[in-house]
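*Asks:* Here is what each chain is made of, one letter per residue.
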Amino acid sequence: MENILFKHLDIADLEKLDVYVANGGYAALGKALKELAPAEVTGLVTRSGLRGRGGAGFSTGKKWSFIPKDVDTPKYLTCNADESEPGTFKDRELMVRNPHQLLEGIALCCYAIGAAKSFIYIRGEYAHQARVMEKAIEEAKEAGYLGRNIMGSDFSLKVVVHRGAGAYICGEETALLDSLEGKKGWPRFRPPFPAIAGLYAKPTVINNVETLCNVPHIISRGPEWFASIGTEKSTGTKVFSVSGHVNKPGNYELPMGVTARELLFEHAGGIWGGRRLKAFIPGGASVPMLTESDLDVRLDFESVMAAGSMLGSGGVIVMNEDACIVWATLNLSKFYNHESCGKCAPCREGTYFIVQILKALEDGHGLPGDVEKLRDVATNIDGRSFCALGDAAAQPVKSSIDRFHEEYEYHIAHRGCMVGRS
Amino acid sequence: MGVTQAQQPGKARLLSEATRENISRIALNYDSAQSVVMPALYAAQEQLGYLPDQAIVEVAEILQLPPSEVGAVASFYTMYFRRPVGQHIISVCETLSCALRGAEGIMEHVRRKLNIKAGETTADGKFSLNSVECLGACDMAPVAMIDGEYYGNLTEEKVDEILMGLGL
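The listed protein sequences derive, respectively, from chains A and B. The first sequence begins at 58 in our numbering and counts up by one. The second sequence begins at 4 in our numbering and counts up by one.
Please keep in mind that the hints were generated in silico from the structure rather than gathered at the bench. Quick reminder that beta carbons are idealized off the backbone N, C-alpha and C, glycines included. Certain hints may be false.
Said to hold, decoys possible - Some chain A residues close to chain B (C-beta under 7 Å, calculated; not the full set): (1) E140; (2) F146; (3) A184; (4) A187; (5) R205; (6) G209; (7) A224; (8) E238; (9) S300; (10) I374; (11) K416.
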């Protein structure tokens, strides 16, 4: 399989502007500015079938088309580079190894939606990546690929890097907008959707880094070419971040629809320590766990959903048979408890109670009925908060109880763990 | 976006001219003064090492915002420090991917070496230790962020080497 987003694996120094340009970089932008009307760019993206890579999988072209046309108001593109979903580290590599690919995608989107300004909201911990992006923006500006009258056209664009400061919730798109406006990152009620009233209450598109990195390739090589990769409804490639108990953790760009088995065993080097696979979380910490019996599930939006989970961010966390499921669920639940922004009571309070019950189980103080209590609390968070963080917090709990009920009961009956961890 | 630099008479200012100029320059990137709060707090923290109340008040003054709004932002995000921190800040990731690769042992080792708990600073003010959530570098688990740089595939020996390099 040809590397598309991950061409930096084949071409040295692709992060440098001259190398990027020598390998066809900014040709898509030049083509769009010269030959295509903004609506035609959106049309090509829609026809390619590209869907958001941040987790929700919404049609990118459709999202762009919701931006009102012919209205005299500023519009914005915000690139979501907050990448804080546990187990996800693809945008980090995409930005550092090929920053101009992202900038070209940003420029194409801004041209399509009529935005003259774009923010890259990057998580605070990615200080190095922020510096790389800022340097690339300066270089692109000097070479005429950003700034005023790009490549001799009347399209102008300013791109600004905005650093977050350590809050998972800001990856949620409306919390991200509040954060970018200089407030606490609290999710907003929808509607209105950001396409109508987003940043500064102006029409705003929010796209993930990987989503935007696909755009130059779609414009250069055509929507049919793009749609020929992957599955019918999940087109293109996906960058999977594989971590945990595998021999070769890392990012792997593969066609949508690759099986979990191929990803874990052919690319990520198989299960760590020569042990058996116990569970894997296919789409970042926020989606239900799957087990060994799901290894032949195809990793695309539809197939993973049919298997009872979600493709999410494509961050695959792998656990071998030595991992205790109660311990792992406690670990993730602590994360959600810490990162709940506190706006909605079910999430704020529920994540706390989940951690308390799981801690008791893990410490050997679990009582009969605790598992039912856990499921009850998780069920009462799910779907009852403003944003998806609450839903996310419920998934590890519910899915691990569904699939590993006996491990929970063992913790209560034997005041300890069946895999000998605690 | 324009910002004001009005000085209150008779009150010593904490933020240097350089920091104030930096904030004015950053403000040009934004379409609202409030959007400048986060980068301005970073600029203030870079100069002072942390954000005392006076820094919050001065940032609010520069951006012509109520200090309460600037303070709310400073306390919401974990990367702004409202209390003095050590000269070196060690943040060990303990989220699942790192935990599966031995993060608990790494944390325990650092704790023993520094003789402090997560969230504390050594008595000599040299080191602060934090337990943090996923740093987005699970391919090099277990990972720590030390003074803003990532260190991956940590072992106890590697931690010793790094700490020695920092003067422990």
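*Asks:* For every hint, state whether the structure bears it out.
*Replies:* Verification of the supplied hints:
At a threshold of 7 Å, the smallest CB-CB gap from E140 (chain A) to chain B is about 5 Å, leaving the interface hint in force. Checking F146 (chain A) against chain B by beta carbon gives a least distance of about 5 Å; that is within 7 Å, so the hint holds. A cut of 7 Å between beta carbons decides the hint on A184 (chain A): the least distance to chain B is about 5 Å, and the hint holds. Below 7 Å, beta-carbon pairs count as interface contacts, and A187 (chain A) has none with chain B, the closest being about 11 Å; its hint is therefore violated.
Among the interface hints, the one on R205 (chain A) is violated; its C-beta lies about 15 Å from the nearest C-beta in chain B, farther than the 7 Å criterion. This hint is violated: G209 (chain A) has a C-beta 25 Å from the nearest C-beta of chain B, more than the 7 Å allowed. At its closest, the beta carbon of A224 (chain A) sits 5 Å from a beta carbon of chain B; the interface hint therefore holds under the 7 Å criterion. Taking 7 Å as the C-beta contact cut-off toward chain B, the hint placing E238 (chain A) at the interface holds, the least distance being around 6 Å.
For S300 (chain A), the interface hint holds, the least distance from its beta-carbon to any beta-carbon of chain B being 3 Å, beneath 7 Å. Given hint, I374 (chain A) at the interface with chain B, holds; its Cβ is 6 Å from that chain's nearest Cβ, closer than 7 Å. About 15 Å separates the beta-carbon of K416 (chain A) from the nearest beta-carbon of chain B, more than 7 Å, and the hint is not met.
The structure fails hints 4, 5, 6 and 11 (numbered hints given earlier, in ascending order).
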